[in-house]
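Undergrad: Produce the complete structure using the sequences and hints provided.
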Amino acid sequence: MVSLPHPSPAACPACIAAPMAEGIAARLGATAAGNLVLSVPAVHCAACISTIERGLASMPDVVSARVNLTLKRVIVAAIPGTDPERLVARLARLGYAAHEMDEAALAATTLDAAGRDLLMRLGVAGFSMMNVMLLSVAVWSGADGPTRDLFHWISALIALPTVVFSGQPFFASAWASLRAGRLGMDVPISLALVLASAISVFETAHSGHHAYFDAAVMLCFFLLAGRYLDHRTRALARSAAAELAALEVPRAVRRIGGVETTVPVAELAVGDEVVLRPGGRVPVDGLVLEGTSDIDRSLLTGESLPVLAMPGSALSAGEMNLTGLLVVRVTAAGRDSSLHRMADLVAVAEAGRGRYNALADRAARLYSPLVHILSFSAFGYWMWQTGGDLRFAVNVSAAVLIITCPCALGLAVPAVTSAASGKLFRKGMVIKNGTALERLALVDVVVFDKTGTLTLGVPQPTGLAGHAPETLSVALALAAASAHPLSVALAASLRAQGVAEAAVQDRHDVPGHGVEGIWQGNRVRLGRAPWVGAAPLALSATYLALGGATHAFGFEDRLRPGAEALMAALSARGIAVRLLSGDSEAAVAAVAQRLGITQWAAETLPEAKIAAIEALRRAGHRVLMVGDGLNDTGALAAADVSISPASALDAARVASDIVLMGQDIAGIADAIRIARVVRRRIKQNFAISALYNVVAVPLALVGLATPLAAALAMSLSSITVSLNALRMR
Amino acid sequence: MEILGWLIPISLGLGLLGLGAFVWTLRHHQYDDPAGASQRILAPDHDDHPMP
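Each protein sequence line maps, in turn, to chains R and V.
The opening position of the first sequence corresponds to residue 1 in our numbering, with each subsequent residue numbered one higher.
The opening position of the second sequence corresponds to residue 1 in our numbering, with each subsequent residue numbered one higher.
Where hints are given, some of them may not hold.
Which chain R residues stay away from chain V? Per the calculated CB distances, all over 10 angstroms, these [stated by the list, open to error]:
| # | residue |
| --- | --- |
| 1 | 160 |
| 2 | 201 |
| 3 | 506 |
| 4 | 574 |
Quick partial rundown of chain R residues pointing at chain V, CB under 7 angstroms, derived from the structure [as the list claims (entries may be wrong)]:
| # | residue |
| --- | --- |
| 5 | 68 |
| 6 | 123 |
| 7 | 127 |
| 8 | 261 |
Calculated directly from the structure, the hints in this document are not laboratory data.
Glycine included, every Cβ here is placed at the ideal spot set by N, Cα and C.
TA: And the structure:
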């Protein structure tokens, strides 16, 4: 699971992410462990840690449990064969929502070899930098003669192995970009490292005044720091993406000759019979053979009302089976299923998405040639001016390379984005794409989906006060006997009002229709309008037949927490809001009115959503799409930047740049604010590093730059840039 | 200046000691959960199962 393909930042060709390959390798290697990994987004404090660890450890089949607060996960060592669902249920009783995660995700993140490797090189560079700097201070403060030479030789002894070891990431990626015929940012870096080391050794051997060992090592240190920050941000995003992929564990129950076995969805073939339990997601496209049930298609179409499924009806992958047991014959599985066909739509939409140029790319494209030109023209000029004094010309050329070398530039973007994504992660938002924040900062129109995005997809009965107490108690008695979401919601809110159950006998579920029973000798029914004999309403409702009369209970979708606050915050910022939904007109109108959204459209097809977003973009708007369903996937990919809730379908989460882990949606306003700060900080950082260059480069060009000046310029600019990034609130 | 013959090796040795300590912490997964470590120290119960 990777975020959308974006041009790899030229400032950092070494961080070419290869998440797919890593994921596959991890999957192969991670079969032996009896470890289970659960994602627990709500864990945040010392008390949470001990509650969870003690709660899980008290279960008989758990050997040990360890919370990782940084990743918000708990790693459980359990007896092989332990059902992760039981652990999830235990955590739910403790008050923490949890999701099971793939073992592959575990392996890929705990064995973060690349991160450890970078940290090791950073540590070695830091050690050398401090020691070489101590020696250099002595030289700068006036050591000369044999003492200076001795100090230079000791510096060489420390610095050369360090450059060879710590500089490897730069050398490797410079070589790779040279072979690809590009001048990446790592080419001047490597050139500076090699040239600085070589000239320093030469000067030391000829007991010269200036050696740049400290500069070479410091360059390594600051650049590695930037690279490590960048890697950490990416690794966090990647593991979050893997985590999301693992939320939906793709298994299905196959029935062959009456024997049921659980198999991975990938093994299903056309013609297989699959058993669907209530509450499960449909894994394939198929035709119903046996059973009747209600199907929730909201993720695919945005319809909030469940539809009836009976023998002969067609199901699509991604729908949710609500009430009855179904047996389905597979008509299309895996790549051919409708879920995957939707990927084509996404591909089309992506092609239309203007390729965003990251700020760092733009800076690097400007900067990299400039560095080379400056350095070589300084070399040429001084060769001509001094009549062929190679030693002096190379010295000046190396000084120019070292001074212009993008220490601060290498830190400018990673320092800011890692500070910001850490902040957003704590607020429950996971950034999947490196440039997402930069794009989010430019947004001026937000398009929302309704079902599952602005609303929770959880119905809430309305107008209960208009019914007689007797009606309510019969309705409660019937509703309590059914697992249909409308019944569950009705029963819950009736109980909350203190309604007592009527004595209804012989209650039973009629899948796909409703519940019936006998009350005071009469048949009573709660369910669909035609079955009950009532006239259907325009909004989602359930109906009660009692005596000769029928009663309708209307429902509205419960708003996602924070939706109202979000609308207020967006309008305060002057950002326009639209609502595009696949649901019926009445349902959309009700939500739009509750939230005060004036521009909305109902019964929108996926293609129409894409077209609407493209029209907005052509009109010059920057669009943020917030959606969760399969019908939003194309629109998510077509928008400039997209956000989806964690409850969204896999495909929608893949297509979006940011995922909301919690239920509260108000964080989006915060994300936009932080994104704007990020963009401002990045630009400031570029300005700071440019300013240092403007001051220092002329000095280097005329040959006045001493190692002391280089060290000062480099460390001051890097530290200012990092501090500026940490200023984020 | 003979003192340099002592001071330089000593300072390098101390630096190497620090580097060794850093490598040791890295090898023992001490940077895997920095947020957790900062919170665990506040918990009253003893951490019976530290990371391997």
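Undergrad: Each hint should be assessed against the structure and marked as holding or not.
TA: Each hint, compared with the structure:
1. Listed as a non-interface residue, residue 160 of chain R keeps its Cβ farther than 10 angstroms from every Cβ of chain V; the least gap is roughly 15 angstroms.
2. No beta-carbon of chain V is positioned within 10 angstroms of the beta-carbon of residue 201 of chain R; the least distance is around 19 angstroms.
3. The beta carbon of residue 506 of chain R sits about 54 angstroms from the closest Cβ of chain V, which is more than 10 angstroms, so the claim that it is off the interface holds.
4. The claim that residue 574 of chain R is not at the interface with chain V holds, since no C-beta of that chain comes within 10 angstroms of its own (minimum 36 angstroms).
5. Using the Cβ-Cβ criterion of 7 angstroms, the hint placing residue 68 of chain R at the interface with chain V is satisfied: the shortest such distance is roughly 5 angstroms.
6. The interface hint given for residue 123 of chain R is met, as the beta carbon of that residue sits about 5 angstroms from the closest beta carbon of chain V, less than 7 angstroms.
7. The interface hint given for residue 127 of chain R is met, as the beta carbon of that residue sits about 4 angstroms from the closest beta carbon of chain V, less than 7 angstroms.
8. Here the hint on residue 261 of chain R is broken, as its CB sits about 37 angstroms from the closest CB of chain V, past 7 angstroms.
Taken one by one, the earlier hints fail for this structure only at number 8.
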